[in-house]
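Novice: Each chain, written out:
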Amino acid sequence: MSVEIHTGDFDPWEIVRQAEQAIPANARGAASVFVGRMRDFNEDEDVTGLFLEHYPGMTERELERIVAEAEARWPLLGCHVAHRVGDVRPGDALVLVATWSAHRVAAREACSDILERLKHEAPFWKRETLTDGTQRWVEKNTPST
Amino acid sequence: MTVHVHYFARLREELGRQGDAAELPGDSLTVGELWRHLHQEAPPERLMAAVNQEQASLETPVRDGDEVAYFPPVTGG
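Residue numbers (the numbering used here), protein chains in the order written: chain A, 1 to 145; chain B, 146 to 222.
Looking at chain A on its own, in the form it has when it is part of the complex (with noise of 0.2 angstroms):
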C-alpha cells in the first residue's frame, strides 16, 4: 500500500508502471486504474486555474484508513493512492488510485470504492479561479452516478 501526496505535477502512468514492478507478476491478474485530471469547465463557467488545499497529516492518515478499509474487504495484491495539492492547471493529474488483485472484480470494486470514499472523507478543498480572476471554493463534488 503506498500513499503519496504531491505539491506539483505528477505522471500517474509512471506511477502506475513502477508500483506494478513491486507485484508478483505471475499473480496480478488484474489492475484498475482511475486517473483524475483539472478539467478547464465546471458548472458551465471556464476555469483558468485551481487551488488545492489539504491537512497536513490529517489528510494522509485519512488516505491510508481508506486504503486499509479496502484492503480488508478486498483480496488486494497492490494499491497506490496519489493526490496533488496546490496550485493546478487545467490537464494536471489531480488523482491516481491503482489497485491489483487475482481478478477483476476486486480490483475494480476495491478501486471504485477508494476513489468515492476519498472524494467524501480525505480532508481536500479545491478553490476555482475563473477566467475573469473571480476566486469560488467548490461547495460540492460532481455525483458518482
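No lab work stands behind these hints, which were simulated from the structure alone.
For every residue, glycine included, the Cβ atom is placed at its ideal position computed from N, Cα and C.
Take these hints with a grain of salt, some might be off.
As the list claims (entries may be wrong) - If you want a taste of the chain A side facing chain B, the calculated C-beta under 7 angstroms gives, among others:
#1 PHE34
#2 GLY36
#3 PHE51
#4 GLU53
#5 TYR55
#6 GLY57
#7 TRP125
#8 VAL138
To be verified - Have a look at the derived ranges for each label pair, beta carbon to beta carbon:
#9 A:PRO56 with B:ALA166: 37 to 47 angstroms
#10 B:SER202 with A:ASN42: 45 to 55 angstroms
#11 B:ARG181 with A:ASP46: 32 to 42 angstroms
#12 B:ARG181 with A:TRP13: 43 to 53 angstroms
Keeping the supplied structure of chain A fixed, place chain B upon it in accordance with the hints.
Specialist: Relative to the frame of chain A, chain B by itself:
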C-alpha cells in the same frame, strides 16, 4: 485547559486566520461547545470537524492539549 484550533479552506479565509490557541475553563467540552465559546454563535450548517486529526462530530469530547480542526465539506479527488 489549552486547545489548538485549526481552520481550513473557505472557513480559514472567512475568519481571516489559520487557527486559535484557546485557553478554556474546565477540563472537557464538546466540539460544538468549543465553537460556541470561540465564535459566540452556533456552528454553521454542514460544518465538519476533526479531533487529533480524526473525524469528529459536534458531540465529540475535547480535552486539554487536543488539536481541533473545523472545515467545510471536503471536495477532493
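Novice: Next step is simple, just say for each hint if it's right about the structure.
Specialist: For each hint, the structure was consulted:
1. PHE34: violated, 9 angstroms
2. GLY36: Since the shortest Cβ distance to chain B is 6 angstroms, the answer is holds.
3. PHE51: violated, 10 angstroms
4. GLU53: Hint on A:GLU53: holds, closest Cβ of chain B at ~5 angstroms, below 7 angstroms.
5. TYR55: Since chain B brings a Cβ to about 6 angstroms from A:TYR55, closer than 7 angstroms, the hint holds.
6. GLY57: A:GLY57 check passes; min Cβ-Cβ to chain B is 5 angstroms, inside 7 angstroms.
7. TRP125: holds, 4 angstroms
8. VAL138: Since the shortest Cβ distance to chain B is 4 angstroms, the answer is holds.
9. A:PRO56 with B:ALA166: 37 to 47 angstroms: violated, 18 angstroms
10. B:SER202 with A:ASN42: 45 to 55 angstroms: violated, 30 angstroms
11. B:ARG181 with A:ASP46: 32 to 42 angstroms: Given a distance of about 41 angstroms, which is inside 32 to 42 angstroms, the answer is holds.
12. B:ARG181 with A:TRP13: 43 to 53 angstroms: holds, 49 angstroms
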